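If you read the protein sequences in the order shown, they are chains C, Y and A.
Using this note's numbering, read the first sequence as starting at 1 and increasing by one per residue.
Using this note's numbering, read the second sequence as starting at 271 and increasing by one per residue.
Using this note's numbering, read the third sequence as starting at 469 and increasing by one per residue.
I should point out that these hints are in silico values taken from the structure, not numbers from a laboratory.
Be careful, since some hints might not be right.
[Unchecked claim] Derived, one-sided and incomplete: chain A residues facing chain C with beta-carbon distance under 10 angstroms:
#1 Cys538
#2 Arg543
#3 Ser546
#4 Gln564
#5 Ser631
[What the hints assert, rightly or not] Over 12 angstroms on every C-beta distance to chain A, these chain C residues come out as not near it, computed from the model:
#6 Ala18
#7 Val222
#8 Phe225
Values in this document were obtained by computation on a predicted structure and should not be read as measured data.
For every residue, glycine included, the Cβ atom is placed at its ideal position computed from N, Cα and C.
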Amino acid sequence: MTASPTPSHSGTLYQPGASFLHRLHPLTKLTFSLCALVVIFSGPGGWLSALLPGLLALSLLWRAGLGRLAARLSFRLLAWLAVIMFGIHGFFGPDNQTILFNLGPLEVGQEGIEFAFLITIRLAAMLLVSLTLVLTTHPSHLVQALTEFGLPGGLAYLLGSPLLLLPQMVVRAQAIHAVQQARGLETQGNLLQRMRALFPLVAPLVFSTLVDVEERSLALEVRGFSAPTRKTFLNELVDTRSQRLARRGLIALSIVTFLLGVGWRLYASS
Amino acid sequence: MSLKEQLKKDFSTITLALMAVGIVLNLVLGQTVSLLKLPIFLDSIGTVIVALLAGPWAGGLTGLLSNLIWGMISDPVAAAFAPVAMIIGIVAGLCAKYGLFKAWWQAVISGVLITLALSLVAIPIRVYMFGGVTGSGADFVTAYLLATGQSLFSSVITTVIGNNLVDKIVTALLAWGIVKGLPKRFTSRFSRADKVTG
Amino acid sequence: MPALDVSGLTYTYPGSSVPALKNVSFQAESGQLLAIVGPNEAGKSTLSLALAGLIPALFHGEMLGRVAVCGLDTRDHSPGDFAGRVGLVLQNPVNQLSGMRYTVYDEVAFGLENLGIPRIEMPGRIEQALVQVGLVDLRHRSPYTLSGGQQQRLALASVLVMSPSVLILDETTAMLDPQGRQEIFGVVQSLAQTGVTVIIVEHHLEWIARHANRVLALENGEVILDGPPDQVLTSARLRKNGVGWLRYTRVAALGQSRSLWPANRGLPVTLKETAAGFRSNGQE
Chain C
1 MTASPTPSHS GTLYQPGASF LHRLHPLTKL TFSLCALVVI FSGPGGWLSA
51 LLPGLLALSL LWRAGLGRLA ARLSFRLLAW LAVIMFGIHG FFGPDNQTIL
101 FNLGPLEVGQ EGIEFAFLIT IRLAAMLLVS LTLVLTTHPS HLVQALTEFG
151 LPGGLAYLLG SPLLLLPQMV VRAQAIHAVQ QARGLETQGN LLQRMRALFP
201 LVAPLVFSTL VDVEERSLAL EVRGFSAPTR KTFLNELVDT RSQRLARRGL
251 IALSIVTFLL GVGWRLYASS
Chain Y
271 MSLKEQLKKD FSTITLALMA VGIVLNLVLG QTVSLLKLPI FLDSIGTVIV
321 ALLAGPWAGG LTGLLSNLIW GMISDPVAAA FAPVAMIIGI VAGLCAKYGL
371 FKAWWQAVIS GVLITLALSL VAIPIRVYMF GGVTGSGADF VTAYLLATGQ
421 SLFSSVITTV IGNNLVDKIV TALLAWGIVK GLPKRFTSRF SRADKVTG
Chain A
469 MPALDVSGLT YTYPGSSVPA LKNVSFQAES GQLLAIVGPN EAGKSTLSLA
519 LAGLIPALFH GEMLGRVAVC GLDTRDHSPG DFAGRVGLVL QNPVNQLSGM
569 RYTVYDEVAF GLENLGIPRI EMPGRIEQAL VQVGLVDLRH RSPYTLSGGQ
619 QQRLALASVL VMSPSVLILD ETTAMLDPQG RQEIFGVVQS LAQTGVTVII
669 VEHHLEWIAR HANRVLALEN GEVILDGPPD QVLTSARLRK NGVGWLRYTR
719 VAALGQSRSL WPANRGLPVT LKETAAGFRS NGQE
């Protein structure tokens, strides 16, 4: 994996609240996000197809009182990427032909800037659209909604349990790091020393967590985890007729936009 | 054995518990290792361990979900690379299935194969979704190659392979060593482990 | 019908040539509090898993003999069938948590949800289980912020809510501090009165001596002793095999060798018996 994510171990991005976005059924928000992603990457008109869903997502978040947070998060995640994007494609874009202006010895090409603009708008829209779901949906509600929709219990476990496991494991990793450093493990030295530090840092964490796997699985078994009965849920997720209709509408809309996008591309390239 | 039975065997409760731990290992070790400032991320070691113990499907799913979950809790950009993480698990599992994880030098070969396979998926995502840029140090390599007149596609190919080769070989070696070191009583709970432990 | 019926149970783990359990036979009546003692690797955990219906289903080993729990043969039923009939609590508190629920209350509900219990039935049962283990006040807390003892009580509540007729505790107190251990013991003592059959694998002999109806001693996979606590816990075999003797038994044995303990009196396992024995020496 090459994208290097920002560390945030305090938990998920979920913000507790009671806005209209919070009260929507998780599947409604998931459908909106997925359909919007389809439009962003395949709709007609290039950057316009990305801008509109992005602005829609931002205004929804704004009305839910989360606009400021969403904008800040997007900026933090994208600013650096955008700088490099415009730099690389502006200066070295392989399709650059029209020279906009010169910056010292380097030429800035219009095609590269346009390309960088398109990609940045798309990524920003993608982020904002996912944030409408992620910021306003408790992870366990999303997992429950998917399970009620028909997701197998095993997959629900795989989506849900890592979120609660992660903070514990971070603590354990930090403890191992502290112990190994106290024993004189060199984690700051030259390349060879740092390479040698790899195994002592990694192996204890891996072994100790793998040892727990059996006990975890047995504890699940005795609580009926693999019982063939249809599961019920303590908490009820409120769904409405209008939301069910809206979800179908969103899916239909994204299919239409996708087809329009295909047509537009065929037309544009001919 | 029918597909359904095979799936049931491949996804027993203990396998699911292993996969959950594998997902978290991916996320945590990526952070731990970044402290060492090595050209290694180790953020797919959990995926490869699961693939060696429980097969290609379990490995692939572990990779896929690792990135989706990372997208949910921290950085939605990571979710875009979920298919790459899935390929890593599938190919590692296939290498193990066909006996390419029995000795250390085989693990090295598997690391190379994993890199080649993941590149097939990573390159299009990087080029078409991200314009070849992901915000990591590797972008400067891409920039340099573009400046020398290469196409975006070939610049990204060089960057992705160069960036992943060492990491995936080290990951494969570590995973192989760890699985070899696990007690027999534990590995016997997983249907595929005997392909590695012999 | 006995709650547990084990006959000729021999079990070998895959890849092992030595059986973990050899020809184990015993029955337990409902409402009994049966303690299992033995040195490390004696087969206690294997027996717990077999009694919980998880062996042979989940382990690909070789099993001979028969285990019936609440009349169900463990060979013919899957772990899902035993959930709700048998409860099992293991050693490590954090590992007992489902990893799926964010509050104590929801964690207890997890088992009911898996069994498909109707939503309206849940609150009453959860409430009752939380009362049983004394966690009502912590119902809104995250399970991950509890102490080890509280987490183990939560694990107990999480299986008790499924109203099992057999409860198995496999070294449940081993990782707890004395306070946490007493919390668990308190719950187990009160349970015995409700008619639940309790099987407890435990190193704390003093508690076993006071509260168990019966003790089973294992060594190398075999049952070497089976009887009331004052017989089993004073056996010379336990003293040698690593389980050891209670301090009361040791003191009385020392007294016996110096004629300070009545010759016709068995060795004691509680403080009360010890005091009475020394007091009566020479008077009988």
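Results for each hint:
About 14 angstroms separates the beta-carbon of A/Cys538 from the nearest beta-carbon of chain C, more than 10 angstroms, and the hint is not met. The closest approach between the C-beta of A/Arg543 and any C-beta of chain C is roughly 16 angstroms, which is over the 10 angstroms cut-off, so the hint fails. Interface restraint check: A/Ser546 against chain C, minimum CB-CB distance 7 angstroms, threshold 10 angstroms, status holds. Given the 10 angstroms rule on beta carbons, the hint for A/Gln564 holds: about 5 angstroms separates it from the nearest Cβ of chain C.
Given the 10 angstroms rule on beta carbons, the hint for A/Ser631 is violated: about 12 angstroms separates it from the nearest Cβ of chain C. With a cut of 12 angstroms on Cβ distances, C/Ala18 stays outside the contact zone with chain A, its closest approach being about 17 angstroms. With a least CB separation of 4 angstroms from chain A, C/Val222 falls inside the 12 angstroms interface cut-off, contrary to its annotation. Not every CB of chain A is more than 12 angstroms from the CB of C/Phe225 (nearest about 6 angstroms), against its label as outside the interface.
In summary, the structure is inconsistent with hints 1, 2, 5, 7, 8 from the numbered list given earlier, while agreeing with the others.
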